[in-house]
Amino acid sequence: MNRTSPQLALLVATLFGIGCREAIAPLSPPPPSPNVASVTIVPDGITIGVGDTVRFHASGGGSASEVVTFIWTVTAPALAQVDSAGLVQAIGAGILGVRACRKEQPNPCGGATVTIR
25 MNRTSPQLAL
35 LVATLFGIGC
45 REAIAPLSPP
55 PPSPNVASVT
65 IVPDGITIGV
75 GDTVRFHASG
85 GGSASEVVTF
95 IWTVTAPALA
105 QVDSAGLVQA
115 IGAGILGVRA
125 CRKEQPNPCG
135 GATVTIR
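What the sequence shown shows, in the working numbering, is residues 25 to 141, in sequence order.
Note that these hints are calculated values from the structure, not bench results.
Hints are all accurate, no fakes.
Quick list of the computed label-pair ranges, beta carbon to beta carbon:
#1 L51 - Q113: 47 to 55 Å
#2 G118 - R79: 16 to 24 Å
#3 G116 - V91: 28 to 36 Å
#4 G73 - L51: 56 to 64 Å
#5 D68 - G116: 16 to 24 Å
#6 E128 - V66: 18 to 26 Å
#7 D76 - E128: 28 to 36 Å
#8 T93 - T137: 18 to 26 Å
#9 P101 - I70: 17 to 25 Å
#10 S62 - Q113: 23 to 31 Å
Quick reminder that beta carbons are idealized off the backbone N, C-alpha and C, glycines included.
Using the sequences and the hints, build the whole thing.
What follows is the structure in structure tokens.
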């Protein structure tokens, strides 16, 4: 009887394994989120009074299962403050802009205008 040694079997398996690696395609990373063409903020063009608060909402990009985070800012911090959820509190009279930029993709951003009386 001719018996194959375990070392020879391991050598043959290793050689076949090395030759087969070329046929296996490497895993590719998942595709990135689609680029957002625009961000929309509502409400826009509103008038509020000093001391009032208004919640703004931003939309733009992302699938139904993707959580999209926006960075909120105001153009005149002396007139209003905005929190991380888009809640604006008016603290002085004037006209300012509210801006939301997608955190995962900083550009583009969207804007809305607010008049405070």
